[in-house]
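J.: The residues making up each chain are set out below.
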Amino acid sequence: MTSVLYDVPGPKARARSRVISVFGIVLIVAALIALVVVLGLPKASANGAVQPGLWDASRWDVFNDLQVWRTLGIGALNTLRMAAVAAILALVIGILFSFGRASENAWVRVPTTVILEFFRGMPVLLMMLFILLVFSTGSFWAGVAALAVYNGAIIGEALRAGIKALPSGQREAGLAIGLTPIATRFRIEFPQAFRQMLPIIIAQLVVLLKDTSLAFVVGYNELLRSGNYNLSQFFGNRYSFSFFFIVLAIYLAMNLSLSWLARVIARRTGSNGGGVKPTGSTAPPSKPADPNLIYSNALGAQSTAGGVV
Amino acid sequence: MDAVIDNLPTFLEGFRNTLGLLALAGIGAFILGIVIAAMRISPVGSFRAFATIYTEIVRNTPLTLVLFFCAYLLPYLQFSPGYFQLAAIGLTVYTSPFVAEALRSGVNGVHVGQAEAARSIGLTFGQTLSFIVMPQAIRMVVPPLINVFIALAKNTSVAGAFFVFELFGAARQITNERGDAVIAILLAVAVFYLIITIPLGVIAGRIEKKVAVLR
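Quick mapping for you: the protein sequence lines, in order, are chains A and B.
Under the working numbering, the residues of the first sequence are numbered 1 to 309, in order.
Under the working numbering, the residues of the second sequence are numbered 1 to 215, in order.
Facing chain A, from chain B, some residues (calculated, C-beta under 10 Å):
(1) Phe47
(2) Phe50
(3) Glu56
(4) Ala153
(5) Thr156
(6) Ala161
(7) Phe162
(8) Leu186
(9) Val189
(10) Ala190
(11) Ile196
In case anyone wonders, no lab produced these hints; they're calculated from the structure.
Ideal placement from N, C-alpha and C gives every residue a C-beta, glycine not left out.
Okay, chain A solo, but in the shape it has when bound (with noise of 0.2 Å):
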């Protein structure tokens, strides 16, 4: 599209586009040298004690400790084991939002919609909090619910709008061959709008793995806590950078190959996908595309929300 609103760049212009790549490379290496050889250097402190530079070898030796690392690794499989046991339940619960929003039926269809907005609208922490202190379930629990609730509201939505999104003949047919309409909504139009919605979902799926470290907060012991802030406080202000840098790492890990699993699933669903064709402003654009990006088209306003948390 950029190259539509001007000519097609001539050899000057591509010469000086190169040179201004080959300076940006410059300046932008530059300052992350800068950034690690200031990070590295020593530093006074306060009270004019010495402390050495963050990437001296005395800040990062407790990493020979086993034990260290077996402290890292239970955190990273309480994050999981909570990630894994919210994403069942929130797409429990979004199938069960889906049917209640699209029901034909006016009272279960207003009260479940005003339940989604209100929880749609809420942050997960506050109701990470209201779990906990109100139905009293300790901090695993009341973060699964929380997360599976939220999430669950949002995947409510796509799911809906996945079902919108399908032919009305889709439905029809259902019917018209003598299927109930709960069996039609099972049946036939479930099964293509959760294929449609998968990219949305699983993109919606990473955002609840970011999201389980909101359970440091209400102090529940996953990656976060016990990297950062209970092997910290034991070894020492000393080594809270080298701990930073590596549950960092690691989060990256964890979510970068989530993030990519979704990409590939995005563009095996979208291209060739199940033969349902969109109709409307609110479908999905049928080439593959960012998850983000599909997610916004196809949920319309207020749902990105939940995708940025």
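Following the hints, put chain B in place on chain A, whose structure we already have.
T.: Only chain B this time, still in chain A's reference frame:
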């Protein structure tokens, strides 16, 4: 209920700080987001690569970790302008790639045919951009952008866990004092959040509908 009414000043102070964080981080993230988005669509390869890597890394880092860095590790580096400012910095950094993605998807979402048509009737680059592409892109960008700010409003609650006295911090303090009225207090806090998020959501929905008719 009396627990809520008695502590109304505390709630309002928290609410003010939440709004302050939202405004400060919102403006910061908007500016940083524009820079990142511009880098991502620029013809200069190195800027594009840098912006892509930045987006990927920040988007896949939990907000809690970002704020942990700001609240615990930046003061350790002798950079401590106060927890409110630190939280605002953290939220700005965390939100900026989402702003950038919203902007980029808006500009990319304008149909190529529009620009082609504008070029073919002889408009210059500036005219194409200002009369044809930008008016459509801005309309498409506003709803997702509002959604980013809704998410930011909810995310400010995490700052409450890192020594900032905003709504969530107020909730924690008041529930500590009044353990007998936890439900009422937390529902009141939820209402305060909904006061911010629901109107924004309605506005985004309105604009979305208007755009849908036009296209």
